[in-house]
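**Q** All chains, full assembly: derive it from the sequences and hints.
Chain by chain, the residues:
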Amino acid sequence: MRNAYPLALAALFGAALLPAPPAAAQERPTLTVYTYSSFVGRYGPGEAIAERFEASCGCDLEWVTADDAGSLLGRLRLEGESTTADVVLGHDMNLAGEARDLGLFAPHGVETGELDMPVAWDDETFLPYDWGYLAFVYDTTRLDSPPESLEALFTDAAGPSVVLQDPRTSAPGFGLLLWSSAVFGEGMADAWEALTPRVVTFTTGWSEAYGLFLEGEADMVLSYSTSPAYHRAVEDETRYEAARFAEGHYLHVEIAGMTTTTDVPDLARDFLAFMLEEDFQSLIPEGNWMYPANLPSSGLPESFEGLIEPGEAFLFDAERVSAERRALIDTWLEATTR
Amino acid sequence: MTRLAGVRAPHPGALVALALAGLAALAFGALLEAAQGRAATLALDAYLRRVLVFSLTQAALSTVLSLVLGAALALALARRRFVGRDLVLAALGAAAVMPAIVVVFSVVAVWGRSGWIASAMDALGLASRPDPFGWPGILLAHVFLNASFAARIFLDALARAPAEHWRLAAILGFSPRATFAHLDWPILRSELPGLAGLVFLLCFTSFAIVLTLGGGPGKATLEVAIFSALRVELDFARAAMLAGLQLAICLSLTLLLHWAVTKAPVAPTERLPAARPDAADPRLRILDGMVLAIAGALIAPLLLATLEGVLALPRILDADLADAAATSLVVALVSAGLACAMAIALAGAAQAAQARRRTRLAAAYDVLPALVLAVPPFALTAGLFLALRGHVSPAQAGFLLLPLVNAIGALPFAYRFLAPALATSAERHGRVCALLGLTGWRRLVVVDWPMARRPLAGAFAVAAALSFGDFGIVALFGGGELRTLPYLLYERLGSYRLDEAAAIGLLLVAAAFALSALATRMADADRR
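Keeping their order, the protein sequence lines are chains P and A. Residue 29 in the UniProt record's numbering sits at position 29 of the first sequence, and the numbers go up by one each step. Residue 111 in the UniProt record's numbering sits at position 111 of the second sequence, and the numbers go up by one each step.
Treat the hints as calculated values from the structure; they're not laboratory data. Only a predicted model underlies this, so the values are computations on that prediction, with no experimental measurement involved. Ideal Cβ positions, reconstructed from N, Cα and C, are used throughout, including at glycine. Warning: the hint list may mix true and false statements.
Covered by chain P, per the in silico footprint, the following chain A stretches (three or more residues, Cβ under 8 Å) [said to hold, decoys possible]: (1) 105-119; (2) 386-400.
Derived CB-CB ranges, DEER-like [unchecked claim]: (3) A:Arg129 <-> P:Ser297: 47 to 55 Å; (4) P:Arg239 <-> A:Arg129: 16 to 24 Å; (5) A:Gly296 <-> P:Asp317: 55 to 63 Å; (6) A:Phe180 <-> P:Arg142: 49 to 57 Å; (7) P:Glu51 <-> A:Leu329: 48 to 56 Å; (8) P:Arg239 <-> A:Arg453: 51 to 59 Å; (9) A:Leu251 <-> P:Glu334: 27 to 35 Å; (10) A:Leu313 <-> P:Glu235: 53 to 61 Å; (11) P:Glu302 <-> A:Leu313: 26 to 34 Å.
**A** This is the structure we're talking about:
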């Protein structure tokens with residue numbers, strides 16, 4: 001059956017027989033790293049990371065991008081064993097279970113030492129490179145007294161309006177489901193029902209939600225506790241703040257892993273180790289606007305001073321997230337469309 | 001194919017139709033194969049049922065509103081000549097193909113809680129605020145896109161009315177009512193089934209607009225569920241089943257439309273510019289003024305809102321942008337060419353079938369282009385990729401699939417431009433061609449080309465502009481070499497650079513406007 005496809009395609013369009021990639025002499029091996037687009041865009045840290053890694057690895061680093069973390073795994077799922085990825089960088093912890101189930105990731109074998117994260121790390125497949133707290137960002141010139149707890153935000157009928165992301169299509173959107181589950185437990189459905197009238201809309205991704213918030217469509221937006229640092233550093237704008245919630249905040253941890261199909265496993269492992277070194281980590285705060293997983297010796301940039309410091313940090317393990325995903329989404333769907 | 005019965009080579013259109021059906025089957029097959037025999041459970045739970053009901057209602061309402069406004073606008077534009085009319089036509093062309101994300105932000109910029117209307121109400125001391133999220137936003141966005149498109153198609157159709165009809169109407173002293181009933185309505189009606197089917201499908205499968213402007217998960221489309229099955233749950237069997245359900249619904253509705261609204265035959269024999277006697281009617285003057293004002297109020301602000309991107313334009317001009325623009329341009333030209341070729345082949349096959357009195361076959365050719373829209377692009381892309389995997393590298397697959405999937409997406413638009421022209425050509429010259437034994441390529445060049453040239457410009461422009469602004473498949477396979485302008489737009493949006501994303505959005509709209517203006521000019525040059 002499978003062999004019939006290219007024949008059919010060739011017959012239909014005569015185009016399936018594209019020229020094979022030039023088999024150029026490859027003195028330098030190439031390390032192919034899949035990531036999401038904004039990581040290597042004009043403002044992302046990708047280019048600089050590639051330069052710094054290439055300076056020492058004797059290889060070429062090639063970035064291949066998908067739109068976001070979800071597309072990244074979707075693409076990997078489609079490519080399966082035929083993937084050219086050596087390293088996949090950019091999905092978050094909440095997709096780790098699904099990523100592991102693809103059976104395409106190999107143990108990283110990197111000795112991490114002590115990391116600068118609110119939780120201990122002992123995953124043998126994935127390594128974190130940055131993290132942040134999910135948080136609700138608001139404009140201090142428009143909202144005087146933001147809610148002081150997740151419960152107040154969800155249940156106070158006179159509370160602020162919010163713009164959120166759809167948990168079916170967005171990583172932070174799904175993170176909020178986990179956050180609400182951690183805080184409300186059985187009462188999650190009721191909490192969501194109480195919040196729904198004040199949700200302006202659920203967008204497909206973080207970008208659309210943040211854009212709508214900046215356009216003034218809602219009082220608060222679900223984003224990261226580090227978002228205000230961007231406005232301070234780039235726009236010299238201090239009016240955006242993240243609200244600190246009493247119960248604690250859910251963690252967003254971005255991770256990377258090497259594939260089982262890689263033909264340069266040593267290089268892939270070197271890159272994962274490099275990922276936690278100073279040269280990579282120092283580019284993270286003002287390149288990806290997250291906390292570095294391994295704090296560089298220079299510390300955090302000035303723009304990160306005064307960001308909120310939540311008390312407790314929530315992070316469910318990957319197996320629990322995978323197991324509960326469907327039920328959580330169904331609960332959310334039921335509560336918000338009641 | 002009106003040669004002697006019996007010796008018939010397959011019409012190229014038949015091959016295209018087969019290819020399209022084959023591609024869809026391939027996509028479904030690959031999805032099911034990738035599901036590795038996991039049984040698909042398509043429990044139509046309460047949520048899915050709600051989504052279905054909402055989708056059907058939403059799409060039906062959007063379609064009716066779009067077609068009514070589009071028809072009224074086309075009639076008004078057919079009756080009136082005014083300074084800047086060409087600009088209006090180009091603007092309609094640009095509006096019709098505006099990328100969903102740009103539409104969403106435009107709706108918010110104008111009708112949002114901090115938008116233009118809200119500011120105006122503020123200035124007037126009014127306390128209330130408009131709220132576009134929910135029904136208003138969805139309908140507004142859909143009508144903006146589709147009324148613009150319908151108006152262009154209807155206007156083209158009205159321009160093909162035979163001149164002797166108009167002379168007869170003038171001699172008989174037709175009232176405006178009789179003019180509409182005997183002259184305009186039959187023409188509009190002949191466009192209705194195809195156009196209604198297309199607009200319905202576009203609204204039924206609308207994704208980003210419905211999700212973002214809908215305000216809550218209750219207002220979603222099946223496409224969202226398919227997306228979620230494909231990307232989040234990685235449940236390919238469920239995705240294939242949902243896609244099948246969507247296809248079945250769209251197929252039945254399209255067939256129902258065709259059956260309910262039979263095509264009135266158009267038999268024009270001569271085409272000369274004719275003056276419309278009803279243009280002088282004072283009541284129609286008022287009506288047309290009102291229609292133009294309403295349409296202008298709905299459409300113009302959303303287009304103008306994209307101008308906000310002008311501020312960041314200087315900041316986006318770099319090598320990245322030049323690369324992305326070049327890639328977008330190449331992809332757009334290839335897919336527009338492919339879309340137009342497929343549309344001509346299919347329309348030709350429909351005419352050939354009609355000539356042999358095989359009306360059902362002709363109808364099948366006619367609905368096929370729109371029906372392709374019912375195959376979710378995510379499923380189509382994923383399926384085709386699975387079929388290709390292991391034979392070409394993922395990067396090559398992207399280069400192959402991007403123009404192909406874009407061409408398929410643009411095909412129904414191109415078809416609506418081209419099919420009526422080829423039908424008219426067949427009506428006028430079909431018998432002569434049959435007598436002379438003029439068929440195939442030679443007939444296309446000698447007979448159909450003069451009639452199809454004008455709409456071809458429009459079809460090519462709309463297909464190129466659509467492909468230019470398409471994001472769907474780039475999301476999955478973009479990056480590296482394959483970076484297009486919409487890809488860049490999302491990249492900037494993901495780096496907090498909302499203003500730069502707006503500037504790229506403006507470039508997309510400007511490109512569509514330029515293409516549309518060019519097509520309009522070519523059409524007019526031909527008319528003189």
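**Q** Run through the hints listed earlier and report the numbers of any the structure violates, in increasing order.
**A** Failing hints, ascending: 7 and 10.
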